[in-house]
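Enquirer: Chains A and B are the protein sequences, given in the same order. Under my numbering, think of the first position of the first sequence as -14, with each following residue one higher. Under my numbering, think of the first position of the second sequence as -14, with each following residue one higher.
Careful: at least some of the hints might be erroneous.
Same chains, same names: a pair is fine if it fits in one copy or spans any two.
Think about it this way: if two alpha-carbon atoms lie no more than 20 Å apart in a straight line, the pair counts; the simulated EDC-like pairs of lysine to aspartate or glutamate are [said to hold, decoys possible]:
hint, residue 1, residue 2
1, -7, 12
2, 166, 115
3, 66, 90
4, 247, 237
5, 166, 12
6, 66, 256
7, 34, 158
8, 247, 47
9, 166, 197
10, 66, 47
11, 166, -12
12, 35, 102
13, 11, 102
14, -7, 47
15, 247, 217
It is worth saying that the hints were derived from the structure and are not from the lab. Since the model is a prediction, treat every value here as computed from it, not as a measurement.
There are 2 protein chains.
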Amino acid sequence: MSDFFIPKLAVVGVGLIGGSFALALKEAGLVGEVVGIGRGRANLETALKKGVVDAFTHSLAEGVAGADVVFLATPVQTLAKVAAEVIPHMKPGSVLTDGGSVKAEVICAIEPLLREDIQFVPGHPVAGTEQSGAAAAFASLYRGRRCILTPTSRTDGQALELIKSLWQAAGSEVVVMTPEKHDRVLAGISHLPHMVAYALVDAVANCGGENENILNYSAGGFRDFTRIASSDPTMWRDIALSNRVALLEVLETFEHSLAEVKRDICQGNGEALYDFFLRSKQRRDAIV
Amino acid sequence: MSDFFIPKLAVVGVGLIGGSFALALKEAGLVGEVVGIGRGRANLETALKKGVVDAFTHSLAEGVAGADVVFLATPVQTLAKVAAEVIPHMKPGSVLTDGGSVKAEVICAIEPLLREDIQFVPGHPVAGTEQSGAAAAFASLYRGRRCILTPTSRTDGQALELIKSLWQAAGSEVVVMTPEKHDRVLAGISHLPHMVAYALVDAVANCGGENENILNYSAGGFRDFTRIASSDPTMWRDIALSNRVALLEVLETFEHSLAEVKRDICQGNGEALYDFFLRSKQRRDAIV
Ligand SMILES: NC(=O)c1ccc[n+]([C@@H]2O[C@H](COP(=O)([O-])OP(=O)(O)OC[C@H]3O[C@@H](n4cnc5c(N)ncnc54)[C@H](OP(=O)(O)O)[C@@H]3O)[C@@H](O)[C@H]2O)c1
Ligand SMILES: NC(=O)c1ccc[n+]([C@@H]2O[C@H](COP(=O)([O-])OP(=O)(O)OC[C@H]3O[C@@H](n4cnc5c(N)ncnc54)[C@H](OP(=O)(O)O)[C@@H]3O)[C@@H](O)[C@H]2O)c1
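Put together the whole structure using the sequences plus the hints.
Expert: Structure follows, in structure tokens:
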């Protein structure tokens, strides 16, 4: 599948995304040593014990020294800061890449920091669970999923091919698009649904009277529908802030769709409601 | 579990809910003959072949004649019309019950139609899938789920006990509450999420450009979150219309929650977003 071998991989942020990337590449036999870099000790020790990393350090400079590929997998709003710290210590000719859920803003912040002799390939594996940390990482997370790479005019073709091969080796189908398109698409299929899920749980919790928690009655349907509201608040705060423009646009589109439903309910317009529900059902069924 | 035996059960609307009720009671050995009543022939033939019913007819009068229990499981807005047609033909002392997803409006419409010698027990099994029709029915649908019964001052205690026993025999935990409370609770944990899911699919389909269908990029997360948008449009039109008042109220609460998120994104208020997401996550996690 791949002719590449990475003697040393550095992963900054050994959580679900960074940890699973390391595990997948290890399983594919494509990496030599994996060094994990993080702040907390417990998580890194878990990573070591699980075989996600072969060594760890709290020092970004130490961790990336001599690494052929550096993978950033910390929350979106921290990526540029981390990049600024690691770039001066990276080996000439090495490749920096990331797994952040928002691309345009992150790229804008990182590209000016790059050195001539370092390549940057921005990426986003469209895979995940509501779990986080190294304990949640597993080698097959990316199997059968898409990974979106968003090269810019500055991105080196060979570096792009390398990172593409790694994600393919991890089992993903690689899709290439512009950062702007990525952010627009993800705002719709992922960021908006998360905002909606968080708001829905909030609303249902609030709409009971003083001493009545309506959530207590919720059955499987509600639990399933709101599963993504169990996602990590830090990660989603960062995504909401970093993809603000695209997210506000789809949020407004959603408000209009919901207002249409509300108006039809208000007016008792059964025909319009039926048509609306049927159209959504058909669109939803067409995805599967 | 139950001392009751129902020599003849009539089910009007042999779909997912009516069909599964019949199958569950058959499996529990609590019914003699089950007669299915419906409009379409194909669905009733499926029901007969699957052993959901022992006989079927298109005539409401014929079907309910001699039945000890008549279970109505047609869309919510049709329940009163069906009740008006079956009540004159029901056996003295028999019990009418239903599985409709909205209670107050249905009860208001049915109670004035009742005869002195017929009891009515309004109910709603909180169980279901996005599938419909007799083909989708299965005996264990109600196992481990809740069934809400909403008696009124007119409801006979013995009839209530009978219907309660039947749902318990089907494997459900029976909860008793007022019709109004039922409608308020269900508006929050079920009806609102369905409206939101239909609107979300609509919005995401609309927010791509002319020749860009963003839905094509949707992965497992979006599919899971919007599963309930594949539900039957007729059923949901009827629920939206029949539970209009309670639904509009929670819809507005939801609009406020969403507006709060939107405002915080607009203002780049990361702290407020984090707090909001964390609170929802904690509430969601507390359900499980
Ligand atoms: N989860 C998903 O569904 C998913 C999918 C695709 C992409 N992503 C993206 O992947 C990245 C990581 O997500 P994840 O789900 O793997 O999260 P995670 O499991 O919480 O892992 C993130 C790691 O980053 C480190 N970290 C957290 N805050 C940091 C900070 N301020 N500075 C430096 N390091 C920090 C943490 O380690 P220490 O505490 O030890 O520093 C943590 O182990 C995010 O950019 C996210 O948007 C997530
Ligand atoms: N699905 C759920 O998740 C769920 C959960 C709890 C309660 N409920 C409630 O249970 C009831 C039935 O839902 P379901 O999911 O079982 O639907 P379903 O599978 O579509 O079955 C409904 C049945 O009612 C009959 N019907 C449809 N329109 C009718 C009309 N205008 N007049 C007379 N009969 C009609 C249909 O048979 P014919 O076409 O042969 O007449 C159909 O088989 C609804 O009141 C619903 O709100 C549903």
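Enquirer: None of the hints should be skipped; say for each whether it holds.
Expert: Comparing the hints with the structure gives:
In this assembly of identical chains, the alpha carbons of residue -7 and residue 12 lie at most 20 Å apart only when taken from the same copy (15 Å versus 62 Å across copies). Proximity of residue 166 to residue 115 under the C-alpha cut-off of 20 Å is found in neither arrangement, the shortest distances being 25 Å within a copy and 32 Å between copies. In this assembly of identical chains, the alpha carbons of residue 66 and residue 90 lie at most 20 Å apart only when taken from the same copy (13 Å versus 58 Å across copies). Taking the shortest alpha-carbon separations for residue 247 and residue 237, both the intra-copy value of 15 Å and the inter-copy value of 9 Å come in at or below 20 Å.
Taking the shortest Cα distances, residue 166 and residue 12 never come within 20 Å of each other, neither inside one copy (32 Å) nor across copies (54 Å). Taking the shortest Cα distances, residue 66 and residue 256 sit within 20 Å of each other only across copies (19 Å), while inside one copy they are farther apart (54 Å). In this assembly of identical chains, the alpha carbons of residue 34 and residue 158 never lie at most 20 Å apart, being 30 Å within a copy and 44 Å across copies at closest. Within a single copy, residue 247 and residue 47 get their C-alpha atoms no closer than 57 Å, and across copies no closer than 41 Å, so neither meets the 20 Å cut-off.
In this assembly of identical chains, residue 166 and residue 197 lie within 20 Å of each other by CA distance solely across copies; the values are 10 Å between and 44 Å within a copy. Within a single copy, residue 66 and residue 47 get their C-alpha atoms as close as 16 Å, which meets the 20 Å cut-off; across copies the closest is 76 Å, which misses it. Taking CA atoms no more than 20 Å apart as the test, residue 166 paired with residue -12 passes in neither setting, with 30 Å inside one copy and 64 Å between copies. With identical chains, the CA atoms of residue 35 and residue 102 are never at most 20 Å apart, being 34 Å at best within one copy and 70 Å at best between copies.
In this homomeric assembly, residue 11 and residue 102 never come within 20 Å of each other (Cα to Cα): the closest approach is 27 Å inside a single copy and 75 Å across copies. In this assembly of identical chains, residue -7 and residue 47 lie within 20 Å of each other by CA distance solely inside one copy; the values are 13 Å within and 79 Å between copies. For a Cα distance limit of 20 Å, the shortest separation of residue 247 from residue 217 across copies, 19 Å, qualifies, whereas the shortest one inside one copy, 31 Å, does not.
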